[in-house]
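Asker: Take a look at the letters that make up each chain.
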Amino acid sequence: MTTAQHDHVGPQPYPEHYEPPHGPRWRLFFGPGLGRALWMTPLFFSLGMFLVVGLRWWWGWPPAFDWTVIVAIGGMVAAPVGFLTGIGAFDYWLHYISGRPTRPEDHSGHGATSWKDYFRVNTDHKVIGIQYLVTTFFFFTVGGFMAMLFRAELARPGLQFLDSQSFNGLVSVHATLMIFLFIIPAFAGIANFVVPLMLGAPDMAFPRLNALSYWLLPIAGVMFLASFVAPGGAFGAGWTGYAPLSVDGPVGNIFFNMGVQWAGASSVMTALNFLVTIITMRAPGMTFWRMPLLVWANFTTSLLVVIATPFIAGSQFFVFFDRVLHTSFFTPDGGGYVLGYQHIFWFYSHPAVYIMMLPGFGIVSEVISTMARKPIFGYRLMALSLIGILVLGFSVWAHHMFVAGMANWLRVPMMITTLLIAVPTGIKIFSWIATLWRGRIHLTTPMLFALGFVTMFTIGGLSGIYLGAVPIDIHASDTYFIVAHIHYVLFGGSVFTIFAGIYYWFPKMTGRMYDERLGKAHFWLTFVSFNATFFPMHYLGLRGMNRRVFDYPAAFGGLNFFITIASFVLGASVVVFFYNMIMSWARGPIAEGNPWRSHTLEWQVSSPPPIFNFDEIPQVVGGPYEYGVPGARHAVLAPAREVEEVPV
Amino acid sequence: MTSHAEAAAHHHGPPIANQSSRVDARVLGMLLFIASETMLFGSFFTVYFFVRVANPDAPSTWPPPPYHFPVFVAGVNTAILVTSSFTMHWALQSIKRGNRPAFLAGMTLTFLMGLAFLLTQLVEYLHVGFNTSSGAFASVFFGLTGLHGAHVFVGLTLLGMVLVRGFRGHFSPQHHHGVELPGIYWHFVDVMWIVVYSAVYLL
Amino acid sequence: MRRGIVQLVALGVVIAVLLTLVALLFKWLPSSASVEFNRIQDVYWFATAIAIGIFSLVSAVVIFSVWKWRVPLDDDADGPPIHGHTGLEIVWTAVPAVLVIAIGIVSAVVLAKNGEAGSTPPLQVNVIGQQFTWKFVYPGYGNKTSGELVLPIHRQTKFTMTSVDVIHSFWVPNFGQKMDAVPGIKTTIYVTPTRLGNYQVVCAELCGLGHATMRAKARVVTQGQFVSWVKGK
Ligand code: HEA
Ligand code: HEA
Ligand code: CUA
Ligand SMILES: [Cu+2]
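Top line first, the protein sequences correspond to chains Z, V and Y. To convert, note that position 141 of the first sequence is 171 in our numbering; the numbers rise steadily by one, no gaps. To convert, note that position 115 of the second sequence is 111 in our numbering; the numbers rise steadily by one, no gaps. To convert, note that position 206 of the third sequence is 207 in our numbering; the numbers rise steadily by one, no gaps.
Just so you know, these hints were derived from the structure itself, not from any lab. Only a predicted model underlies this, so the values are computations on that prediction, with no experimental measurement involved. Every residue gets a Cβ at the ideal spot worked out from N, C-alpha and C, and that includes glycine. Be a bit skeptical, because a hint or two may be false.
What the hints assert, rightly or not - Calculated cross-link-like contacts (lysine to any residue; reagent style SDA-like; alpha-carbon spacing at most 25 Å):
#  : chain 1 : residue 1 : chain 2 : residue 2
1  : Y       : K159      : V       : V78
2  : Y       : K145      : Y       : F27
3  : Y       : K69       : Z       : E546
4  : Y       : K114      : Z       : L450
5  : Y       : K218      : Z       : F557
6  : Y       : K187      : Z       : D278
7  : Y       : K69       : Z       : G61
8  : Y       : K28       : Z       : I612
9  : Y       : K218      : Z       : S194
10 : Y       : K28       : Y       : D43
11 : Y       : K187      : V       : H183
12 : Y       : K114      : Z       : M431
13 : Y       : K28       : Z       : F591
14 : Y       : K136      : Z       : P566
15 : Y       : K28       : Z       : I641
16 : V       : K92       : V       : L114
17 : Y       : K159      : Z       : W439
18 : Y       : K28       : Z       : A562
19 : Y       : K145      : Y       : N127
20 : Z       : K146      : Z       : E656
21 : Y       : K69       : Z       : V421
22 : Y       : K187      : V       : V78
23 : Y       : K28       : Y       : A17
24 : Y       : K145      : Y       : R3
25 : Y       : K187      : Y       : A113
26 : V       : K92       : V       : H183
27 : Y       : K187      : Z       : M431
28 : Z       : K146      : Z       : G61
29 : Y       : K114      : Z       : K550
30 : Y       : K114      : Z       : W439
31 : Y       : K187      : Z       : P443
32 : Y       : K28       : Z       : F592
33 : Z       : K550      : Y       : I64
Stated by the list, open to error - Simulated restraints, written as ranges between beta carbons of each label pair:
#  : chain 1 : residue 1 : chain 2 : residue 2 : range
34 : V       : A31       : Y       : G143      : 54 to 60 Å
35 : Z       : P443      : Y       : V23       : 54 to 60 Å
36 : Y       : A11       : Z       : V651      : 41 to 47 Å
37 : Y       : T87       : Z       : P660      : 20 to 26 Å
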């Protein structure tokens, strides 16, 4: 691990003498890349398998060929390592470890000249950002497609075309992909592209670690999907994977246990990278109180990730050990404690819902301020409320366990802290709408999504308040009311902000403009069908429809049919989005450097940005949102040399 | 880096990033990583708490009879690991002062002690008289000591790296980050062991 | 500006009235059949009133601003540089805090009442969840065991739950009370039925392949009917 400063000092001029590393044919299989990954993955799998079989044979544990363990160690630990080694994620470090002089960074792993460069280990944060976004939208489509399947099943009571196991599998994998392979990494992708630019930094602090974090992600995704071919079917204990069901269930559950480890490792490394970047690589003059709110949001999110994620890793390890090593962490017969799982799981997964929301808050702050042409109302309080959510977020996990049978005395304190989260969140909502007040509102597509977010998230947050009130939760827990809440905060919240962010930075990322008319069509189609799909679920839940069921009382048939139809329209709206993105990326009109006339730094360079972002590090001279202040600037691009900044 | 200094003077690479904090990026990265690792241990301690304290039918004696933990062997092991932290520190100080033989001796000692710890731990596993399926106390025992063992293993890998590079003469009084970072990690592994030892064996 | 405020308030009121109609005209909650659910419904209506107020405010400001201050996309003027207003910020920190704490207090009171044993000893029913059936045991009546839940009206019942395999959750929507049945521990809730009739016991925690169909019948009967049922074989 070396810092960016070190990485980029190399003797090779760029880009004049840039040689793409697609060399002679043998390099295809022995040079870093997908070709080498193709044979290294099975090789490592076999190594893992021999290790398992050998050890079991040596210790005399029958049977020597235990496929559960072989798949777990060979397939889910060794093979991914083989894949990463093959693709070249470790090349630099292997050189370093072996004590050979490390190759000077020649920037061959930097920037992209053709689409092929997106399939290599690339250390450029802009390339990585796009790699993230394309990957995550792929998994969004897959997860959404699963939703279409089980929604079709739910159109009528009773079983239609699925069976109980595949229904549970589809629901669980749907949620798992959406959370671990879409929302969390999509935010990481946007931040990867934008944050270093906003900070006035040439790249992230640890570019190679950044590349590695990205490549861990498809591994996790493939693992989740692969569970469908496991004997007994995909993991079907919900995305929450409660023990002991996940311990006794079919072997597909270990795909969840281990997939989460890869996704989690990816997100911890990225978060660490963001934190170090934000702390040590801000441009001169960029004090904490001059950072754009997107940077603040990613700063707090990253803290959440670094602190909380190890807990889900732990929880999944325990379940995994309970199955594979026959331990009894959560099995009462051996002296284990069942509720322990839920405490540990939610100690991550509640903060995780803010991991899935705070970056969105950041995006919306950028969009609203730019599009309303006004400074963010109450900038400091906006930043502080993020920290408030961060702190409170760690003290509310047991609100998912109000009816789980946990200690009764925990209920009221957890309820109070849960409800109090409405305060910092409310500050944000009110500040956004105050920013709109008397602004000059440009109703572009990103702005539409941002405003859609503000209203829809308020609904989702308010249903959260119902759930936070223990008596209501006792009735509503584990019903479709929860499903409604989930989708209002995650779709109306996170996904809307992701759409807003994609549209907003699309010109910056691709150098082209998206089609505004299609964008608006996408918004309205989504907005209407989203509400038609998920609002009636509140009603279903309160009336008595429990969640995670393929069958329900006939009385709910009509409404469920309506919801299914609406959800198909929602699916179709995504097609409009993809069409717009693909067509505009291929042949949209060329975008200017700063089409939104925004003040933040990423817009002060060309679209797409130059390979090293800035020719010289800019000098920050004011706040990021000084719209309407005569002569105000956030930064000057040719730094004033005489200004001596004391590092903070 | 110095070897490319002339090239860097007129290179077309990126601008040098502004250093906006006094903290070194690599040290900060390592500290954050350790924070995350601490939380991972935290989740194992949490499950220990649940099994031993929160559980209504937790055993009254720890470990439940007829089992025993090898407190003495582990105590000796503790002493070894704590000592290795001191030799690590000595090695780092030596390279900072330019005393290469002392640095190499210190690193070798540290490495050997870490290895001795790990091997002792493994041998102990074979002789404790219970295995992972013997109940929740065993789950916790193997969980915490195993997790720690895995960290010792990672630490040893890092130390091995330092050794290889050390013998090739890669470190100098000006350039010893490659020693310092594994050192920080090693101290963390060491401190963690003291907590694990106290919680699992002594309490 | 004065006119603007009036318009904004009018818009907010219209939205609030519409939402109130939606809240009242549909029957969002199943009809209550227990004392406990009556109390829960009170909390529900309290939260609903607050939620309608908050949502009307937020959406009214959003719609109003867009309606009033929308400009064509090629407009290149900036808005007024308003950076904040300490008074306002204090208000929108304090008011929500007060509101949610009010919800918290109401909830805590209801929770305490719902979890309290009355003066007469409650009827004891042990609930055992097992993939994928329910079993109800009446320890006060010679451990009578039944696959159907039968309860006397107006008598507080204490349910003690456990499970023999994975986690299940005992829920009768019309009683409004719910609690997981967890292997290895015992959990409790109280229900005091107030209406005669047939209800459904639903398993609300994903427990495997048969989760959707893990249902049982619940009957609330008169005291006399209950005694004769429980005495029957
Ligand atoms: C992006 C994700 C996200 C976000 C942001 C939230 C936000 C909140 N959530 Fe949600 N939640 C989930 C995702 C999220 N949740 C998921 C996925 C689950 C289900 C997991 C599963 O079981 O599968 C869940 C489940 C869940 C439960 C458990 C239900 C159960 O299983 O029984 C509860 C209970 O308290 C809860 C509460 C809250 C609260 C109080 C907030 C608050 O943060 C909301 C705060 C916001 C507002 C309140 C609106 C804006 C505020 C104002 C305008 C100010 C004025 C407001 C008032 C005065 C009230 N959530
Ligand atoms: C960010 C998270 C996220 C997102 C975006 C979604 C998106 C959707 N979700 Fe999901 N959902 C969850 C997170 C999310 N969900 C979680 C956490 C759970 C809880 C799981 C659990 O209980 O464990 C859940 C559970 C859940 C349930 C409850 C299942 C149950 O309890 O039995 C339902 C039911 O309707 C549902 C529906 C949908 C639908 C219709 C969409 C739609 O918005 C999807 C729309 C998107 C697409 C369709 C994708 C792309 C388009 C195509 C593939 C084009 C072709 C298709 C057609 C035109 C038909 N979801
Ligand atoms: Cu039993 Cu669900
Ligand atoms: Cu939560």
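Asker: Next, verify each hint and record whether it holds.
Answerer: Hints versus structure:
| no. | hint | in the structure |
| --- | --- | --- |
| 1 | K159(Y) with V78(V) | violated (56 Å) |
| 2 | K145(Y) with F27(Y) | violated (41 Å) |
| 3 | K69(Y) with E546(Z) | holds (22 Å) |
| 4 | K114(Y) with L450(Z) | holds (23 Å) |
| 5 | K218(Y) with F557(Z) | violated (40 Å) |
| 6 | K187(Y) with D278(Z) | holds (21 Å) |
| 7 | K69(Y) with G61(Z) | violated (61 Å) |
| 8 | K28(Y) with I612(Z) | violated (45 Å) |
| 9 | K218(Y) with S194(Z) | holds (22 Å) |
| 10 | K28(Y) with D43(Y) | holds (15 Å) |
| 11 | K187(Y) with H183(V) | violated (44 Å) |
| 12 | K114(Y) with M431(Z) | holds (20 Å) |
| 13 | K28(Y) with F591(Z) | holds (19 Å) |
| 14 | K136(Y) with P566(Z) | violated (33 Å) |
| 15 | K28(Y) with I641(Z) | violated (60 Å) |
| 16 | K92(V) with L114(V) | violated (29 Å) |
| 17 | K159(Y) with W439(Z) | holds (19 Å) |
| 18 | K28(Y) with A562(Z) | holds (18 Å) |
| 19 | K145(Y) with N127(Y) | holds (10 Å) |
| 20 | K146(Z) with E656(Z) | violated (41 Å) |
| 21 | K69(Y) with V421(Z) | violated (38 Å) |
| 22 | K187(Y) with V78(V) | violated (45 Å) |
| 23 | K28(Y) with A17(Y) | holds (18 Å) |
| 24 | K145(Y) with R3(Y) | violated (72 Å) |
| 25 | K187(Y) with A113(Y) | holds (19 Å) |
| 26 | K92(V) with H183(V) | holds (18 Å) |
| 27 | K187(Y) with M431(Z) | holds (15 Å) |
| 28 | K146(Z) with G61(Z) | holds (15 Å) |
| 29 | K114(Y) with K550(Z) | violated (51 Å) |
| 30 | K114(Y) with W439(Z) | holds (14 Å) |
| 31 | K187(Y) with P443(Z) | holds (22 Å) |
| 32 | K28(Y) with F592(Z) | holds (18 Å) |
| 33 | K550(Z) with I64(Y) | holds (17 Å) |
| 34 | A31(V) with G143(Y): 54 to 60 Å | holds (59 Å) |
| 35 | P443(Z) with V23(Y): 54 to 60 Å | violated (34 Å) |
| 36 | A11(Y) with V651(Z): 41 to 47 Å | holds (44 Å) |
| 37 | T87(Y) with P660(Z): 20 to 26 Å | holds (24 Å) |
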